[in-house]
Amino acid sequence: MAFQNCGLMSKKIGALTVLESQYGVDPLTGYTTIPVNSGADFKMENDMQERTMMMPNFSPVGKLSGAMSATSTIAVEFLGGGVDQSNKVQAPFYDDLMQASGLVKKAAYLLTCTGSTGSWVTTETITQAATKATHVGTVNLSSGHDWSGTSQTFSINVNNAGATEVTLDSACANVAEVVTEINTQLGTASVTGVEAYASTNYVGIRTTTAGGTQTFILAAGSPNALATLGWTAGTYTGTAAVTGTLLDAKTGGGGAATLTVVTTGSFGIGAVTGAGGGSATVATASDGIVYVPTSSCSEMQSMTLHYVRDLMKHISTGMRADPTFTFEVGKLATASFALTGLYTDPTNTSPPTATVPTILPFPLMGATIVIGDLSPTLMACSKLELKLANTVTKHMDLSDANGMSSVGITGRKPTGSIDPLAPSSLADFNPIAIAKAGTKLRIEALFGSTHGNRFKVVIPYAQLDMPELGDREELVVYNLNFTCTGNKGDDEFYILFV
Numbered sequence: 006m007a008f009q010n011c012g013l014m015s016k017k018i019g020a021l022t023v024l025e026s027q028y029g030v031d032p033l034t035g036y037t038t039i040p041v042n043s044g045a046d047f048k049m050e051n052d053m054q055e056r057t058m059m060m061p062n063f064s065p066v067g068k069l070s071g072a073m074s075a076t077s078t079i080a081v082e083f084l085g086g087g088v089d090q091s092n093k094v095q096a097p098f099y100d101d102l103m104q105a106s107g108l109v110k111k112a113a114y115l116l117t118c119t120g121s122t123g124s125w126v127t128t129e130t131i132t133q134a135a136t137k138a139t140h141v142g143t144v145n146l147s148s149g150h151d152w153s154g155t156s157q158t159f160s161i162n163v164n165n166a167g168a169t170e171v172t173l174d175s176a177c178a179n180v181a182e183v184v185t186e187i188n189t190q191l192g193t194a195s196v197t198g199v200e201a202y203a204s205t206n207y208v209g210i211r212t213t214t215a216g217g218t219q220t221f222i223l224a225a226g227s228p229n230a231l232a233t234l235g236w237t238a239g240t241y242t243g244t245a246a247v248t249g250t251l252l253d254a255k256t257g258g259g260g261a262a263t264l265t266v267v268t269t270g271s272f273g274i275g276a277v278t279g280a281g282g283g284s285a286t287v288a289t290a291s292d293g294i295v296y297v298p299t300s301s302c303s304e305m306q307s308m309t310l311h312y313v314r315d316l317m318k319h320i321s322t323g324m325r326a327d328p329t330f331t332f333e334v335g336k337l338a339t340a341s342f343a344l345t346g347l348y349t350d351p352t353n354t355s356p357p358t359a360t361v362p363t364i365l366p367f368p369l370m371g372a373t374i375v376i377g378d379l380s381p382t383l384m385a386c387s388k389l390e391l392k393l394a395n396t397v398t399k400h401m402d403l404s405d406a407n408g409m410s411s412v413g414i415t416g417r418k419p420t421g422s423i424d425p426l427a428p429s430s431l432a433d434f435n436p437i438a439i440a441k442a443g444t445k446l447r448i449e450a451l452f453g454s455t456h457g458n459r460f461k462v463v464i465p466y467a468q469l470d471m472p473e474l475g476d477r478e479e480l481v482v483y484n485l486n487f488t489c490t491g492n493k494g495d496d497e498f499y500i501l502f503v
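Numbered by my numbering, the letters in the sequence shown go through residues 6 to 503 in order.
By construction, these hints were calculated from the structure, which means they are not laboratory data. Hints may contain errors.
Heads up, simulated DSBU-like pairs for lysine-lysine below, C-alpha to C-alpha not over 35 Å straight-line [to be verified]:
hint, residue 1, residue 2
1, Lys-137, Lys-17
2, Lys-16, Lys-493
3, Lys-418, Lys-392
4, Lys-418, Lys-318
5, Lys-110, Lys-318
FRET-style restraints, in silico, Cβ to Cβ [stated by the list, open to error]:
hint, residue 1, residue 2, range
6, Asn-92, Met-401, 45 to 53 Å
7, Tyr-28, Thr-363, 53 to 61 Å
8, Thr-214, Thr-37, 40 to 48 Å
9, Thr-396, Gly-217, 40 to 48 Å
We put the beta carbon where it would ideally sit given N, CA and C, even for glycine.
Start from the sequences and build out the full structure, keeping to the hints where you can.
Okay, structure coming up:
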């Protein structure tokens, strides 16, 4: 067979990323394979210096290589990272790119609350007290139960002290007497650390002490008292007290509140309080990961990129990024990162192993959108876009072999856009008046329904430019361009995965 020189194939693209522990130094391990969207590129930039010496003719003298740098555009599907074996949310595969964009990754909880009272203040401490290990039965025992003819048993192991059989053998006329019978028989069996109690017409059992180390295990007896009580065999554990920092609070009518709390602990269902006087009851608690902007150089990460075109590998270290996030109805969410870094000569290599995320993206539909006080019943948007607009600066250096020693993020002016249909009445929503007054309003969007693949984009203090009137399917829309402004600093937006 005659040899054919196929050259380098432009559609065979691979990318590997890794965060750097030392700026500009490739760690040489720990890479993440990045499945890039079409349109990805890598450019070697050279500030070529033209020789301007005058000659007795028109022939150019030529140019000399000047300071060099590298740029790359990496676009990816914007999706969650799923959950681990303990059902905890994981970072998305493009986490390195996010952190190289001047964003800090933090563990967080999204708390949906009822009965909210008082004021919630961002950056305040949120506390949830320790809870007891608790289990409540499902059988209505308002009429009690008669065990005097046929006794029943169950097994309980409190705080790993060993399983003990408890026998119920008395006639009980109501819930209170059932509770008394259980507590009496727990004492007879020398079981300590738990107590029965009435929960309206049902009977519960709980540890007498709160905390994450408090636990009990229920097992069926013979005859089985668990079925009579509506108790389920299993292990029940309390929770330790947990605190966090309030990143954001959204309150609504009827005492509803949604709190986003940065914490390394684990919040659950139950009461929470804020240092500023707010209190509420958590109805649902979802763990997550949040990315927030930072203005601190010490918190900003840098990244090494290996960009492979077929058999040619480009490496750039010390990379920093400026991202754009796009969410358009019926399409897949995308994130595009404009990267700038230090230059290294290319080499030949083997293509990296192709990796496709096991978490699937989804077309954007069924989102929950908030734009100020615009009623959800009047809401219809086709696109939301958020641009961080980082100022990515090349630091030129006479002592560096390539003339540039580092790349930094020295500023940002995040902006965005969204395009709601214009309600028929300005009384329902008047963005013109809002823009004129300089009033700031909340914009947020929650996409997805699966734990680990839901994401929420929040701009708490959006300031509108003067709206532009547009047309979508012969209906008037407001093309709203906005600036993401801060309140206490580094809080002009956040992106949460839950």
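Hints, one by one, checked against the model:
Straight-line distance between C-alpha atoms of Lys-137 and Lys-17 comes to about 57 Å, which puts the hinted pair past the 35 Å bound. Of the supplied pair hints, the one linking Lys-16 and Lys-493 is violated, its CA atoms being roughly 46 Å apart against a limit of 35 Å. Of the pairs offered as hints, the one joining Lys-418 and Lys-392 holds, with about 8 Å between alpha carbons and a cut-off of 35 Å not exceeded. The straight-line distance between the Cα atoms of Lys-418 and Lys-318 is roughly 34 Å, inside the 35 Å bound, and the hint therefore holds.
Taken as a hint, the Lys-110 and Lys-318 pair is honoured in the structure, with Cα atoms around 29 Å apart against an allowance of 35 Å. With their beta carbons about 49 Å apart, Asn-92 and Met-401 fall inside the hinted range of 45 to 53 Å. For Tyr-28 and Thr-363, the hinted distance range of 53 to 61 Å is not satisfied, since their beta carbons lie about 33 Å from each other. Taking 40 to 48 Å as the suggested C-beta distance range, the pair Thr-214 and Thr-37 conforms, at roughly 44 Å.
In this structure, Thr-396 and Gly-217 meet the distance hint of 40 to 48 Å, their C-beta atoms being roughly 45 Å apart.
In the structure shown, a violation is registered for the earlier hints numbered 1, 2 and 7, in ascending order.
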